[in-house]
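Visitor: As a plain string of letters, each chain reads:
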Amino acid sequence: MAKEDLAPKVAEHDPITIEIIQSSLRSITDEMFATMRKTAMSSVIYEVLDFGVAMMDADGELASSGSGIPSFVGMLAPGIKSVRRKFTKPDDIKPGDVFATNIPHHGGVSHLNDVVLMQPVFFNGQIISWLANKAHWVDVGGTFPGSISVDALDIYQEGLQLPCIKVIDQGKENQAVIDIMAGNSRVPDITVGDFWAGIASMRSGEKRLQALIEKYGDETVRYAIADYIALGEAMARTELKKLPMGVYSATEKLEDGRVVKAVVTITTDAFTVDLRGNPKQGKNALNSSLDATIVDAQMVFKALTDPQSFANAGSFRPVEVLTDEGSIFNAQYPTAMGVYYETGMILFDLIWKALAPFMEQHLTAGHYGSICGTFLGGKHPDTGKEHSIVEPQLGGWGASLDRDGVNALYTGQHGETFNVPVEVAEQRNGLMIDRLCLNDAPGGEGQYIGGKGINLDYRILGDDWWISMTYVRSESGPWALEGGRPGSTNYINVVRKDGSEKRYSSCTALPLEKGDVVQVVTANGGGYGPPQKRAKDSVFSDIKNGYITAERARYIYGTEA
Amino acid sequence: MKIRAASDVGGTFTDLVYCELNDQTGAIESIQTEKAHTTPPDFEKGVLSTLKKADISFAEMIFFAHGSTVVINALTERKGVKTGLIMTRGFRDILEIARGNRPDFFNLRYEKPEAFIPRYLRREITERLDYKGQVIENLTLKELSPILEDFKKEGVEAIAVCLLHSYANPDHEQELVGKIKSLWPDVAIVASHQVSREWREYERSNTAALCAYVQPIAEKYLSNMEDALHNNGFDGSFYVMRSNGGIDTVKSVKEIPITVVESGPASGVLGAEALGKLLGIENIIAFDIGGTTAKCSLIDQGRVSVTSQYMIEKTPLSSGYPIMTPVVDIVEIGNGGGSVAWLDDHGKMHVGPQSAGALPGPVAYGKGGIEPTTTDANLMLNRINPNYFIGGEIQADMEKVRSAFEKLGDPVNLGPQEAARGVIRIANHNMANALKLVSINRGYDPRDFTLVAFGGGGAMHATALAKDLNIPKVVVPAHSAVFSALGMLLSDLRRDYIRTSPMPLDILQAAAIGKTISEMEDEALASFAEEGFSNDDIYFERFLDMRYEGQEHSMRVPIASSKIAEKNVDLLHRDFGNAYEREYTYRLDSDVEIVSFHLAAYAQIEKPELSPIAEDKDVANAIKEKRDVDFDESGVAEAVIYDRDKLGAGAEIQGPAVIEESGSTTVIFPDQSATVDRFGNLHIAI
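As they're listed, the protein sequences go chains R and X. So that you can map any letter, position 375 of the first sequence is 375 in my numbering, and since no number is skipped, the others follow by simple counting. Quick note, my numbering runs 561 ahead of the 1-based positions in the second sequence.
I should point out that these hints are in silico values taken from the structure, not numbers from a laboratory. It is possible that part of the hints are untrue.
Claimed, not checked - In the DMTMM-like style, the derived pairs of lysine to aspartate or glutamate whose C-alpha atoms are separated by at most 25 angstroms in a straight line are: (1) R:Lys172 / X:Glu1144; (2) R:Lys215 / R:Glu61; (3) R:Lys544 / X:Glu685; (4) R:Lys536 / X:Glu672; (5) X:Lys673 / R:Asp457; (6) X:Lys606 / X:Glu638; (7) R:Lys207 / X:Glu685; (8) R:Lys379 / X:Asp1067.
This is chain R alone, in the form it adopts within the complex:
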């Protein structure tokens, strides 16, 4: 059906029915999300919630999404478009088909570990919608355990590539492909389990969507979807007009000395992020695909334009992103991209930093600004089974115009992400955790103080373990606002059993032995306003609660306890 035919016809469509269908679209993606969470085999999915589900219209435009993390909301639509580009013949796409892709340069994907599954929904022989599911698989093979290392030189080192293929043909799975996926993973059972969890998630959505279409008719459902996307756009444009127009920019020096920059232009009808002139893609995995970059811009835009309302394709229509092909924000095949999430975080933080001084009611001072993805593995000392974990870390958030920053929270790119409880982690992972507490390091002081990061100490209980990690913001702490002090930094400290210590901001498969302790330290967020303006009572309370020592309080605030 042509787009023109979907133009609003108020008289023909009862607004109550349309509202009910649109609300049903939200419950469909909610249900897909819940199913995935309950059936997944790896904690990076069910606890970290490193996955997203979505429902698109027949053209692959996002209609409704269920996600644990905002950075996955906008990523699935380009995946559908990549299927539609490749499968163009009339009978290429049939009911019961499921497609898979994981190559970031081809669209809809962020790195090889994020496997996207997509399924068309048919009604009377016509595609009426696409359902999709994207999840972080723990290991897709390649050079490095967990498939992710900043040291990867190209995509071939990062694991198995699924170049937009049909994995289920009219309901019948291609066992050869599943066997290849399992055979290329260091954790084959988990890989197959997570694959089927993704399928179960889409099937649960399909069942509900079919029931909805049967009840209201395909034409009405199509109309409701189009109207919903139009509503998303209308809401975004209304909110955009409330933002202060202007040109805003920020720069940031990276750990390796390169400087990145962003220029954001806000007009009454566009939110443009200009990233031209940024460094060229590098010979490591700190590169981002164009789709991932666009999502970073969309997330900041959404934070400024009614973040609590739903998000669909319409919500992001005013966002424009300009990049140079072959730059770190639009890297080309076959560049490595495993650590794209830190590149994305740098960009997200950069746009945030450019706008925060002018939009303080929406944005805090800088937060710890790193996913702090921590990959550990080895043999579980009790079961003898090979085991690996993927964990992002909690950190401190920035202060804002009327309150202190939040302690120990996941990043702005995370969302309904849960940390792994100590008691569960020790049983499942075969590690001991010596402590999990707030980071009492100085930093982030101000009229309102930055939130605290954490100290998390993993004690290794068996020989031949390893750790890989890349944290950003390990040299300069989160930025402050209005004269507050910057926060502290992210890093790990490896304390060997002989007592020697070494600090790392990045390492690949660093060997660990029984008795070694990995101390994760995450940053305190940036402060807001000059410390002299902090209320005396608040300073006393900070001292009483041990958030600051009496000596440092005297030095920073001039307060006598």
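Got chain R; can you put chain X on it based on the hints?
Guide: Here is chain X on its own, set in the frame of chain R:
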């Protein structure tokens, strides 16, 4: 004459339901209700005033069950006592770190809910267990005195203790509690293993912290209530409604009052279960519509579903606080009779979650309400009788109602009647979603269930919802408006024991599985024996929470006995696989592991029988009038209006019809029919 009574203290009203028992047969002769204003902070006054208004002789009262919001109120109003927390060294910040999640995820100014205990009252003690419960480092009791001294100086009144892996081995917690009691006998103490034997240190420590925080308040409240009853001559048994769908003795509730956090809603589900037993209906969706919310819960083969993943103050915008205590698995949404209909900036109509409450109430009350509510919409559609509104207490102001709907519908080109239909359809849609959450989303087919509808609004919406979800039958119980409180009168004592003890589901583990369950049964028997129950009074339901190895979420599978032979392990594999496939459409060859053991232990008490009503198949006497009722998609039809109190057993009614009773209205659509059973319950075929 003997009397059994149940009282439910709500935010506005204190409800009393009581039944008089036949001296010979013990059967219920009559069921009556009374109501009085709730009287904070001396809640016992409101309870006494209902008993006095009802003119009940305290000496004749043999049984008194009490449901109360005291715990949830103390939590949500932050009116607990100053509480200290002691945790394993290195972990005092767990309570504040929580799980780090940010549900309002696009918002870059998210606020995390503040911990109930500030950092300076969170202290650490040196000790350590591993996940198997083995001691890695001994408990260092000499560190305790200075902590207690500080707590005393700060005016602490209650202490919560949570040590890592105490779910696997509570020895250190018990030792620590013993020492605190000897050093400071007056302080209230709650150790985490008393409230939960499940893992997850944040959830368990928060539960212990919240329990300690309310313990002195709840203890005083229950003591006052006991005293007030006894001073008036009551000498019967006093029970308290717990969140797990059972009642329990006052003594045990005082120790861990957090177990009554969802006391009120649970009793309605319990009532539905008891009614199901009486009527021989095993698969039930209990559905309760009140003034501000609708609640539903699924009963599968006679078993109420209980979860320990309960949260307070959790919203789409806030992570809330976990309370890891067994709570009837209820889905609650902000749609009730008083829910307000409104248009957003983009012309989309919504119903709730804001409610007009008791004041100003619906527009029809004429007490100043101007925004139309679900109740007003039911009036517009003539489903509620404007001349018999709230049992005839109020003459509905229909002119105001009509103009409110004109105003609502105008911006979206809907007439008042269409707007009112829209409100009902959206409210029904919201409620249908809640019903789907407890049924379809968990792999249950609504066609296998009976909808038991109660509360002021349950009967009004149930028939439309059942039609929408293909539920074949609706039962509207007698006394449906006060059915929740009635549930407490029909219930046994219930205690839940849940224990995390991960092990593979493997024939090698058969003995270990059986041993764990037997230990839990022994613990339950001992605990009931302490209060004078004999082993013959006790019966059990047993469950295993299982999952494929590597998964997080587990499925609860019932198990018949604690005697586990190797062949039972194979059966458990099969039962798990079946349950898993039903919910998720596939099964795996992977290994299965047990995560937790769950034992529901019941102590039987004497329960009254409902007595039958007189048979009268002639419905002519019960007809009040005929009026045109708007059945929305089924059109406007002339419906016969019946007085429920005049319907006898065996009566048959063909839709379109409306059955009115005080406090509730049942709507029968044109193609539906209803019968009255021998206890006066309405059975409606959809």
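Visitor: Could you run down the list of hints and mark each one as holding or not?
Guide: Here's how the hints hold up against the structure:
| no. | hint | in the structure |
| --- | --- | --- |
| 1 | R:Lys172 / X:Glu1144 | holds, 20 angstroms |
| 2 | R:Lys215 / R:Glu61 | holds, 23 angstroms |
| 3 | R:Lys544 / X:Glu685 | holds, 16 angstroms |
| 4 | R:Lys536 / X:Glu672 | holds, 23 angstroms |
| 5 | X:Lys673 / R:Asp457 | holds, 24 angstroms |
| 6 | X:Lys606 / X:Glu638 | holds, 21 angstroms |
| 7 | R:Lys207 / X:Glu685 | violated, 51 angstroms |
| 8 | R:Lys379 / X:Asp1067 | holds, 22 angstroms |
Checked against the numbered hints given earlier, this structure breaks only hint 7.
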